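Asks: Here the protein sequences line up with chains A and B, keeping their order.
According to my numbering, the stretch in the first sequence is residues 1 to 457, in order.
According to my numbering, the stretch in the second sequence is residues 1001 to 1476, in order.
Keep in mind that the hints were calculated from the coordinates and are not lab data.
These figures come from a predicted structure and were not determined experimentally.
Backbone N, C-alpha and C define an ideal beta-carbon position, used for all residues, glycine too.
Check the hints yourself; a few may be wrong.
[To be verified] Some chain A residues flagged as far from chain B (calculated, every beta-carbon gap over 12 Å):
id: 1; residue: GLY18
id: 2; residue: VAL55
id: 3; residue: LEU102
id: 4; residue: GLY263
id: 5; residue: VAL302
id: 6; residue: ARG327
id: 7; residue: ARG336
id: 8; residue: VAL392
[Claimed, not checked] Among the chain A residues that face chain B by a calculated CB cut under 10 Å, a handful are:
id: 9; residue: PHE54
id: 10; residue: ILE261
id: 11; residue: ILE271
id: 12; residue: TRP431
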Amino acid sequence: MTTLASPPKLGLPATIIGLAVGIVLTGIGVVFGFLQGLSVQLIILSAIATLAAFVWGWRFVLGQFVEDAPTRTEGGIGEGRKVWLQFRPAIYGLIAIFALFLVFSLTIEGFFNVWNIISLLIILTIIVLTRTLGRHFQENRSAFIGIMVLCGLFSIGSMNIDGFASANNIKSMLLFAAFLGIASVGQTLVALLGGLDLSIPFIIGAANVGLLYLIGLGVPPWLATLIVLAIGALLGVINGLLSYRLQGQALIVTLGTGFAISGGVQIITSIGSAYGGNVFGTVPAWLSNLAAMNGTTFGLPVPPVIVIWAVIVIVLIAGMRLTVYGRYLYALGVNRTSARRVMISELTYWVMVYAISGFFAALTGSLLLGWSGGGFIGVGDQYLFLTLAAVVVGGTSLLGGQGGYGLTVIGVLVLQVLSSFLIGIGLDFEWQQFIFGLLILPMVALYARSPHIRTQI
Amino acid sequence: MSDSTAGLLAENAPPSRGGRANPFLLVPITLFFLLLGLAVLRSPSLMSSAGIGSAIIVATPLILATYALMASVISGRGTVDLSIGPLIGFINVTLIQLHGAGILTNPIVIFAYAILTGALYQFLFSLIVIYVRVQPIIVSLSGYLALSGMNLVILPRPGGVAPQFMADWGLGTSIFSPVFAILVLASIAWLLFTRTASYTHLRLMGSDERAAYTSGVPIYVVRIGAHLISGAFAGLAAIAFTALISSGDPSQGTTYTLIAVTALVLGGASLAGGRGGVFGSFLGASNLYLITFVLATFNFGAVQSFVTNLAYGSILVISLLLTLIIPFIQRHIHNFSPVLYFVVLGLVAMGVILHATNDRDPRARPAPVEEIAVVQPLGPIASEQLYVGPLEVAVPDRADGELRSQAGALVLSALLLIVIAVFARVAFSQSDRRTIAPAVVVVVTALVLFGAYLMRAEGPLASGEPDGAGTVEESR
Chain A
1 MTTLASPPKL GLPATIIGLA VGIVLTGIGV VFGFLQGLSV QLIILSAIAT
51 LAAFVWGWRF VLGQFVEDAP TRTEGGIGEG RKVWLQFRPA IYGLIAIFAL
101 FLVFSLTIEG FFNVWNIISL LIILTIIVLT RTLGRHFQEN RSAFIGIMVL
151 CGLFSIGSMN IDGFASANNI KSMLLFAAFL GIASVGQTLV ALLGGLDLSI
201 PFIIGAANVG LLYLIGLGVP PWLATLIVLA IGALLGVING LLSYRLQGQA
251 LIVTLGTGFA ISGGVQIITS IGSAYGGNVF GTVPAWLSNL AAMNGTTFGL
301 PVPPVIVIWA VIVIVLIAGM RLTVYGRYLY ALGVNRTSAR RVMISELTYW
351 VMVYAISGFF AALTGSLLLG WSGGGFIGVG DQYLFLTLAA VVVGGTSLLG
401 GQGGYGLTVI GVLVLQVLSS FLIGIGLDFE WQQFIFGLLI LPMVALYARS
451 PHIRTQI
Chain B
1001 MSDSTAGLLA ENAPPSRGGR ANPFLLVPIT LFFLLLGLAV LRSPSLMSSA
1051 GIGSAIIVAT PLILATYALM ASVISGRGTV DLSIGPLIGF INVTLIQLHG
1101 AGILTNPIVI FAYAILTGAL YQFLFSLIVI YVRVQPIIVS LSGYLALSGM
1151 NLVILPRPGG VAPQFMADWG LGTSIFSPVF AILVLASIAW LLFTRTASYT
1201 HLRLMGSDER AAYTSGVPIY VVRIGAHLIS GAFAGLAAIA FTALISSGDP
1251 SQGTTYTLIA VTALVLGGAS LAGGRGGVFG SFLGASNLYL ITFVLATFNF
1301 GAVQSFVTNL AYGSILVISL LLTLIIPFIQ RHIHNFSPVL YFVVLGLVAM
1351 GVILHATNDR DPRARPAPVE EIAVVQPLGP IASEQLYVGP LEVAVPDRAD
1401 GELRSQAGAL VLSALLLIVI AVFARVAFSQ SDRRTIAPAV VVVVTALVLF
1451 GAYLMRAEGP LASGEPDGAG TVEESR
């Protein structure tokens, strides 16, 4: 969000009107707050936030029209017509949402209440802001829109659901987001090179079972964890080597190795065991503490997994931006031929990202063992499409070269907040999945549209 | 068949060599006959009327799902339709529910419903891809999640009853079942489509969309057309699936996504677009069916499903790695013909099948073996038997010996026919003077057939199998 266009200047009347409207809105918010019986600190905080956000938005929204004003006199197209041409899809979307809201209000009893209206306003604000402001952010447009969607979802959720914004719920959302986020590290890096890694869920399951099996054999837990992580990285190397010449089919190669890995690990663990693939054992306390909901980090009531994820996020984002390795990765993703001209080894990086992917998948599997306390081969199954969805929703292109782990973090958070919102309003699993599927498309369509074919020639 | 799947190579190979075949079919064909031979040796009952019939019933939904995937994959932009499995499930559950409500009863209406629903979904899909312009894989991911959720809403747990006329199809007692007819008709429909200009446009668009656009191909119309075909195949796959399980199942259809993508890639199609065909898709899907079939005949006790997973994954990876040697083969053999290769391996496999099915009990052969169950998992086997076992199913006795000596001449003539086919192929492709080649082929063929006739006249072996010769003659 660093590449803002020069802030537009507003006339004095516009500024005054903006301030006045903002203050009125804030006043309405304060009145509602007192009517709800919220604490005073909360009301003051939200009032300040409302005012600041509104004034900030007002400047930019009006700035559009101020900048556009000169062109109108030259072009001869009316202002309304121009807006219509520029924002046609967004206006269609607005009309559709209005119609949907109207239909819901008329058909569902009790749907027409103040919280739903505010939710509607938030959604409309998001759409308007993304269409108008989004074009100011050339590099990080998807990050901006992702954060907007995240804020909107979170505010809608905290208004409609009791305890959505409570510390406990936020902690649990972050916990699950951390698992998904760590599992998506590999998928993001691989996608940056234009590949796909579908073996992640299988490695997660294999690490989950394998770690417990090793612990059950009497290997010291720390050593067992290291062994599992090393094997995960090794499997990633194998994945990379096998799929290097078959990059177009990386999807199927990794799927095949995934099947083989999960089958092989289960065979190993069930040799000499009467339980046919079920592994039993006790998880060491420190591993449980790492990933459990009530875990503590140096005395703080935060599960260490979240801290680990935060460290990974910082290291990866900084590494991708600042180090040679990160820059070379982008170079390879954008254009293999030119990268080869500057002596970047494609094989090294291809194998490296798959190794990292395997390592983090194994790490996720180990952490999930600490969370669940029992080995289960299918523990990673949901991550097959979730990691893909997180990468895609974040805005990393599956064709390579565009995106980054920071975007995936936003994608992970959006998915997590969305799913706990859907759980919170009491939807069953199947409805959750249905709405999930329907929402991914418009979210991606907000920023990841490819240009028209005639502009690519 | 080679016309449909060939053609892409025409750009690579020099035209004078006549190489217009698809070398990517090499691996699936080899794998197909390898697995077929192994399957027949392990479980000869596969080659009975009931065995083939039930194999067709089980494999057809997968094959049709692969066709559906193929039609959209060819159109390029990485259109790997992950939602194909949930779509099949969706048509299945809505069909069952609507039939249960007494709305869909007529077979024609049911077929029309399934095909139109599939086509409608794919039509929406293509409109989103064209006008919203997001990556197709995102649309399909979205559709995957939405439809698999929807299926569970429509039918929370497996149940319901398929229409009565359809329930009988799933028994699979004979080869020529309605499901087989659907499969054949679908394949023929695609082969007819490959004769049209739209197919050329489709392949051009899949290989290079910009080139297609600049050369005036109506890419929107072509893309919508490809998706409509894909949807129609998905509808047929859903009907075959409904016939297979004779009820509704909200989650079973979803599993077809990964299997169909795998089958498509195994069949030599390119996920990037522009390459693919029904022959390869058929082989890929059949291979996957045969892999599971062969693995089911082994008994590994408690670790059965794990070994299945391991072998399944390994075969996938290995067969993909084998496609890497195709460029080396191509360097030496410029005129690889998949049909000829298929016929040659087919004859070998035919020999294996005859060996496996006849040697076991020659006297039982006149009576049709209808009552044998489909798959009979054999008992646990010792480890040395595991390596030797597949190669020899029965110790031949005297009657077998006689049968073999009788069949010797037949095998010889089959081999001669192979030689003729190979010779004809080489003569046509390698000769610069095309006008001479037919004459040479006719003369040599006549000579060889005359020799075969002389040998045939010596021994009274007329009661052989006509299949071996028939295959060659049909193919030429």
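Asks: Evaluate each hint against the coordinates.
Replies: Now the hints, each set against the structure:
No Cβ of chain B comes within 12 Å of the Cβ of A/GLY18; the nearest lies about 34 Å off, and the non-interface call holds. Under the 12 Å C-beta cut-off, the non-interface status given to A/VAL55 relative to chain B holds; the minimum distance is some 34 Å. Distance check on A/LEU102: its Cβ is at least 23 Å (rounded) from any Cβ of chain B, clearing the 12 Å threshold; non-interface status holds. At roughly 3 Å from the closest C-beta of chain B, the C-beta of A/GLY263 falls inside 12 Å, breaking its exclusion from the interface.
Chain B leaves A/VAL302 outside its interface by the beta-carbon criterion, the shortest separation being 31 Å against a cut-off of 12 Å. In this structure A/ARG327 is separated from chain B by more than 12 Å, as the shortest Cβ-Cβ distance comes to about 25 Å. No beta-carbon of chain B comes within 12 Å of the beta-carbon of A/ARG336; the shortest separation is about 15 Å. For A/VAL392, the condition that its CB be more than 12 Å from all CB atoms of chain B is violated, with the nearest at approximately 5 Å.
The beta carbon of A/PHE54 comes no nearer than 31 Å to any beta carbon in chain B, farther than 10 Å, and the hint placing it at the interface is violated. Restraint check, A/ILE261 versus chain B: the minimum CB separation of about 7 Å is within 10 Å; hint holds. For A/ILE271, the interface hint holds, the least distance from its beta-carbon to any beta-carbon of chain B being 8 Å, beneath 10 Å. The interface hint given for A/TRP431 holds, since its Cβ lies 6 Å from the closest Cβ of chain B, which is under the 10 Å cut-off.
Consistency note: the structure conflicts with the earlier hints numbered 4, 8 and 9.
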